[in-house]
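Just so you know, the sequences run in chain order A and B. Here the first sequence is numbered in numbering that gives the first Met the number 0, starting from 0 and rising by one per residue. Here the second sequence is numbered in numbering that gives the first Met the number 0, starting from 0 and rising by one per residue.
What the hints contain is simulated information worked out from the structure, not anything from laboratory work. This structure is a prediction, so every number in the text was calculated from the model and none was measured. Here a beta-carbon is modelled for each residue, glycine too, at the ideal position from N, C-alpha and C.
Here are the computed lysine to aspartate or glutamate pairs in the EDC-like style, where the Cα-Cα straight-line distance is at most 16 Å:
id : chain 1 : residue 1 : chain 2 : residue 2
1  : B       : Lys-18    : B       : Glu-42
2  : A       : Lys-174   : A       : Glu-141
3  : B       : Lys-28    : A       : Glu-252
4  : B       : Lys-157   : A       : Asp-19
5  : A       : Lys-332   : A       : Asp-165
6  : A       : Lys-147   : A       : Asp-232
Just the calculated beta-carbon pair ranges, DEER-fashion:
id : chain 1 : residue 1 : chain 2 : residue 2 : range
7  : B       : Thr-46    : A       : Arg-374   : 56 to 62 Å
8  : A       : Trp-131   : B       : Tyr-9     : 45 to 51 Å
9  : B       : Gly-44    : A       : Glu-410   : 53 to 59 Å
10 : A       : Thr-32    : B       : Glu-120   : 43 to 49 Å
11 : A       : Arg-3     : B       : His-63    : 43 to 49 Å
12 : A       : Asn-369   : B       : Gly-162   : 43 to 49 Å
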Amino acid sequence: MTDRIPGFATLAVHAGAQPDPTTGARATPIYQTTSYVFESVDHAASLFGLQTFGNIYTRIGNPTTAVLEERVAALEGGTAGLATASGHAAQVLVFHCLLQPGDEFVASKKLYGGSINQFTHAFKNFNWNVVWADPDDISSFERAISPKTKAIFTESIANPGGVITDMATVAQIAKRAGVPYIVDNTLASPYLCKPIEHGADIVVHSLTKFLGGHGNSIGGAIVDAGTFNWSRDRRYPMLCDPRPEYHGIVLHETFGNFAFAIACRVLALRDIGAPLSPFNAFLILTGIETLPLRMRKHCDNTLAVAQWVAAHPKVAWVSYPGLPGDRFHNLAKKYCPNGAGAVFTFGLKGGYDAGVKLVSNVKLFSHLANIGDTRSLIIHPASTTHRQLTDAQKAQAGAGPDVVRLSIGIEDVEDIIADLDQGLAD
Amino acid sequence: MNHDSYPDSYIRGILNTVKTIAMVGASEKENRPSYFAFKYLLERGYTMIPVNPLRAGEQILGRHIYARLSDVPVPIDMVDIFRSSRHALPIVQEALTLNPRPQVIWMQLSIRNDEAAALAEAGGMKVVMNRCPKIEYGRLSSEIAWMGVNTRTISARKAAASGGIQRLSLNRASVPGGATEAAAAAERMERERGSAG
Numbered sequence: 000m001t002d003r004i005p006g007f008a009t010l011a012v013h014a015g016a017q018p019d020p021t022t023g024a025r026a027t028p029i030y031q032t033t034s035y036v037f038e039s040v041d042h043a044a045s046l047f048g049l050q051t052f053g054n055i056y057t058r059i060g061n062p063t064t065a066v067l068e069e070r071v072a073a074l075e076g077g078t079a080g081l082a083t084a085s086g087h088a089a090q091v092l093v094f095h096c097l098l099q100p101g102d103e104f105v106a107s108k109k110l111y112g113g114s115i116n117q118f119t120h121a122f123k124n125f126n127w128n129v130v131w132a133d134p135d136d137i138s139s140f141e142r143a144i145s146p147k148t149k150a151i152f153t154e155s156i157a158n159p160g161g162v163i164t165d166m167a168t169v170a171q172i173a174k175r176a177g178v179p180y181i182v183d184n185t186l187a188s189p190y191l192c193k194p195i196e197h198g199a200d201i202v203v204h205s206l207t208k209f210l211g212g213h214g215n216s217i218g219g220a221i222v223d224a225g226t227f228n229w230s231r232d233r234r235y236p237m238l239c240d241p242r243p244e245y246h247g248i249v250l251h252e253t254f255g256n257f258a259f260a261i262a263c264r265v266l267a268l269r270d271i272g273a274p275l276s277p278f279n280a281f282l283i284l285t286g287i288e289t290l291p292l293r294m295r296k297h298c299d300n301t302l303a304v305a306q307w308v309a310a311h312p313k314v315a316w317v318s319y320p321g322l323p324g325d326r327f328h329n330l331a332k333k334y335c336p337n338g339a340g341a342v343f344t345f346g347l348k349g350g351y352d353a354g355v356k357l358v359s360n361v362k363l364f365s366h367l368a369n370i371g372d373t374r375s376l377i378i379h380p381a382s383t384t385h386r387q388l389t390d391a392q393k394a395q396a397g398a399g400p401d402v403v404r405l406s407i408g409i410e411d412v413e414d415i416i417a418d419l420d421q422g423l424a425d
Numbered sequence: 000m001n002h003d004s005y006p007d008s009y010i011r012g013i014l015n016t017v018k019t020i021a022m023v024g025a026s027e028k029e030n031r032p033s034y035f036a037f038k039y040l041l042e043r044g045y046t047m048i049p050v051n052p053l054r055a056g057e058q059i060l061g062r063h064i065y066a067r068l069s070d071v072p073v074p075i076d077m078v079d080i081f082r083s084s085r086h087a088l089p090i091v092q093e094a095l096t097l098n099p100r101p102q103v104i105w106m107q108l109s110i111r112n113d114e115a116a117a118l119a120e121a122g123g124m125k126v127v128m129n130r131c132p133k134i135e136y137g138r139l140s141s142e143i144a145w146m147g148v149n150t151r152t153i154s155a156r157k158a159a160a161s162g163g164i165q166r167l168s169l170n171r172a173s174v175p176g177g178a179t180e181a182a183a184a185a186e187r188m189e190r191e192r193g194s195a196g
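From just these sequences and the hints, can you work out the full model?
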């Protein structure tokens, strides 16, 4: 007598959303309100004391946003979720719940440039210290561990270099070190890869990318896998110690396998801020309903475009793990069997000038600094996002002068290729 | 009964049937998990009876605390055990002596005692282990989803009306949604914690 488990596409449409209990509205209503009335003083006390479930103030929780949180948690296979104003906000809240000043965490050095900036500069002000490891040399994660290490952080598919992290191996290293493993699953989306199945304890997202999918809303999310034992070594006081903010309750003891998501909400989101707007939550929810359809099309288009680009005489190299022969192809087959995502880079033999020329010539590709849109997007990092770096830094970041990054949309693939063809023509 | 995972219908059936719950190990301290569960279930309309020999004669939220189950003067539908796993067996043995006999033995999150469960089931009682009735009520009514928790249910049916602000009914037609690797792993972890405790 076991319950039947619905498939991914069913969850993408239904998880978290039920007809509104008051009006019967079938689409999730936008609760565009700051606050919620209390039934009584006692009800208010129960809510503030975390003794009952409910809404107080939209900085801490909102019924529209809650639907999104449950849906992302369900798609990732986690116990609970939390939505935030951006992916960056999600990372601040996660590390706020894990680190004390002076603590360290180990992170892959192949990350989205914005995360490298955040970890290197912004986190330094909190005395949260990143130690970099190299996903091309997995043992470097083990070597980076110290008694101060409180977490390991990687991306599933790294942006923009097409690096696939060997998550199962990193997860074992985290387990041996007794620290949670955090995976940013933005580029893959849970349709292509579920890091929790490979040992992640916490998943973070920029919802701005493929989950929202339409380039209309900034948002972030945290998913608690429910797998980490916060009390065992007593190294995470936000989870395992009595909290003075809440009259001495111990969150792990009280909330069990979703305590981390609760800590992110009631300790981090409450006191740091950066909640998602309910309107953004609505737009992102609508996007997620078609995630499986879009990701399939994104991946089909991307493989075709990557093959075409690889055969072009002006192209020196292509980095897309979906291509046979790519150095990450075997890891892609293991971790992302349904497709290696829709973002890849390639190098132009003509270098910097050729990159500038291509982004200036394209007419269907949008020249901008986002990824994961229905529209095809292009950027030449050396002349835009990475222009302040030295040439050596650019090369290390995978943003050398010849590099072009594409995020392939869901247009007709013939039109995408035709635009690149004319853009590369003399 | 397979005590590694319970169908939603089994849990919902229990929470819809029982009315009087004796909570063994209930604490009067406002920051203890047992107090949270006691207060929540009281607010959801259950008749809650605290049982705690160290606090007998005192009160929790106006409810008289009894020293032991056999002191409770009214019939008990469900015994909710808020003690570590090794204490579950004598509590079940005491429950078996009650007349009328309780219908349900419920052991809290992280508490599991298969010997006690087998004894209770042989005595005709239903058993739930390593679950919290507050969390299960919140999950099956979907109230807990306001905290972003994955209820692992989906439904295209409007829930029955429920009185009060921010109250959702347990009587809601849902199908299981998204039982997960994570949930299974978490259950394994809770079980390990439980057997250690």
